[in-house]
Amino acid sequence: MDNLKRKIEALIFTSEIPVSKKDISSFLSITPQEAQSQIDDLTKEWADLNLSISIQEISGGYQLRTKEEFKDLLKEFINKKPFKISRAALEVLGIIANQQPTTKIEIDNIRGVDSSGVINVLADRELIKVVGEKEVPGRPYLYSTTDLFLEIFSLNSIKDLPKIEEFDEYEEEKEEIT
Amino acid sequence: MTDIESPNNQFSKVKLDIYEGPLDLLLNLIRENNLNIHDLSLTEVTGQYLEHVELLQEFDFDNIGDYLVIAAELARLKSRSLLPEDEKEELIDEPEMDLVQMLKEYKKYRALSEELSKRKILGRDTFKKHFDSTLTSSTLWEVQKTDIWRLITAVKNVLQHKNYKEVPDIELDEESIDPDIVKRELLNLFKIKNRLSFKEIFNPNIDKSNIITRFLIILDMIKDGQINIDVGDQSQIIFTRKDGQNG
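Residue numbers (my numbering), protein chains in the order written: chain E, 1 to 178; chain C, 1 to 247.
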């Protein structure tokens with residue numbers, strides 16, 4: 001069934017967002033098990049070729065990504081002004097990713113500071129989204145992370161992020177922040 | 001973007017919220033003093049915390065209120081620690097925020113955010129096709145690692161070291177400082193040299209209002225990605241102009 005494998009390859013190649021196993025199996029009318037085994041085969045085939053690109057599991061799907069060793073080359077080639085994400089924004093993303101869905105007040109309470117500016121930037125960049133309102137006075141918005149968040153941070157699922165409890169005994173690195 | 005049109009405009013309002021918060025400041029102070037998080041260490045860093053907040057007040061930071069809430073709590077902890085044991089007991093019913101607990105909780109999230117920054121970030125460590133797709137905003141991503149407290153502490157030290165009292169107590173004539181001109185000065189400095197040390201920009205011979213204005217402009221330039229802030233040898237702060245900026 002080499003043909004099937006090549007078809008899956010073409011789907012992954014052309015898709016702008018990660019393609020899920022479900023999409024592949026229903027589009028090609030094959031079972032998810034069949035899709036999985038073909039994808040595993042394909043991923044291995046690409047890995048064996050030792051190319052600059054590999055098939056990676058991102059946001060619950062499959063995507064062609066360049067390997068990390070080419071990052072400097074590509075950054076120079078693309079030469080775009082980067083979108084800067086601040087440490088504050090990372091904190092807010094971490095809180096939302098762990099507590100979702102969660103409200104601004106809950107985020108502010110953890111950070112000890114008003115986070116509206118950061119929340120707006122993150123919502124603008126589509127890294128977080130409003131998923132509803134909390135059933136409390138004032139009906140504040142509930143925020144969750146988006147699929148784009150998973151894509152940007154190369155996560156297959158939100159479960160791939162460490163749980164906050166894992167940091168209970170976290171020893172802060174003594175190295176200086178550069 | 002910096003939009004400095006006239007002196008004394010909205011520019012004076014600095015959006016620190018894109019940087020950090022009061023808990024971050026406290027944690028940094030505790031770390032710098034090699035302390036652990038408990039009530040006693042909090043009272044030890046109270047003085048330093050207040051000095052920082054005092055400086056922040058000069059800049060009219062957006063979220064200064066949040067910093068003051070924590071300052072009040074620190075002051076309360078401190079005054080309580082000075083009370084004799086038997087009098088402490090009379091205070092039990094006083095409502096209080098559990099600052100130690102808050103800091104411990106916050107520290108975990110700060111650790112988590114460090115984990116996030118170490119991931120393979122799309123546009124920084126790994127790339128995909130369709131790069132120009134503006135819909136998904138997948139332009140280059142970079143994590144800003146600005147250690148803002150280090151910079152603020154350094155500026156605070158310059159302001160404290162200077163013997164401002166020698167100068168007759170001039171109430172700052174704010175009108176006389178044109179941020180536009182100060183910005184041009186800084187840009188010219190960066191044209192001559194790509195890398196400038198902290199001392200070259202915050203020269204103690206410059207007067208106080210100019211130092212504060214320079215600081216605000218530097219913050220803005222960091223935020224806009226025009227310059228990078230690094231820590232060089234002997235923990236010196238170094239500012240580097242980014243290539244591709246036509247200054």
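Read the hints as simulated data drawn from the structure, not as lab findings. This one's a predicted model, so the numbers in the text were calculated from it and none came from an experiment. Incorrect hints may appear among the rest.
Said to hold, decoys possible - Taking lysine-lysine pairs in the DSSO-like style, the calculated list, with each CA pair at most 27 Å apart, reads:
| # | chain 1 | residue 1 | chain 2 | residue 2 |
| --- | --- | --- | --- | --- |
| 1 | E | Lys-129 | C | Lys-183 |
| 2 | E | Lys-163 | C | Lys-120 |
| 3 | C | Lys-104 | E | Lys-159 |
| 4 | C | Lys-129 | E | Lys-80 |
| 5 | C | Lys-129 | E | Lys-7 |
| 6 | E | Lys-159 | C | Lys-120 |
| 7 | C | Lys-183 | E | Lys-80 |
| 8 | C | Lys-120 | E | Lys-21 |
| 9 | C | Lys-223 | E | Lys-84 |
Quick rundown of the hints versus the structure:
no.: 1; hint: Lys-129(E) - Lys-183(C); verdict: violated, 37 Å
no.: 2; hint: Lys-163(E) - Lys-120(C); verdict: holds, 18 Å
no.: 3; hint: Lys-104(C) - Lys-159(E); verdict: holds, 23 Å
no.: 4; hint: Lys-129(C) - Lys-80(E); verdict: holds, 15 Å
no.: 5; hint: Lys-129(C) - Lys-7(E); verdict: holds, 18 Å
no.: 6; hint: Lys-159(E) - Lys-120(C); verdict: holds, 16 Å
no.: 7; hint: Lys-183(C) - Lys-80(E); verdict: holds, 24 Å
no.: 8; hint: Lys-120(C) - Lys-21(E); verdict: holds, 22 Å
no.: 9; hint: Lys-223(C) - Lys-84(E); verdict: holds, 8 Å
In this structure, only the earlier hint numbered 1 is contradicted, and the remaining ones agree with it.
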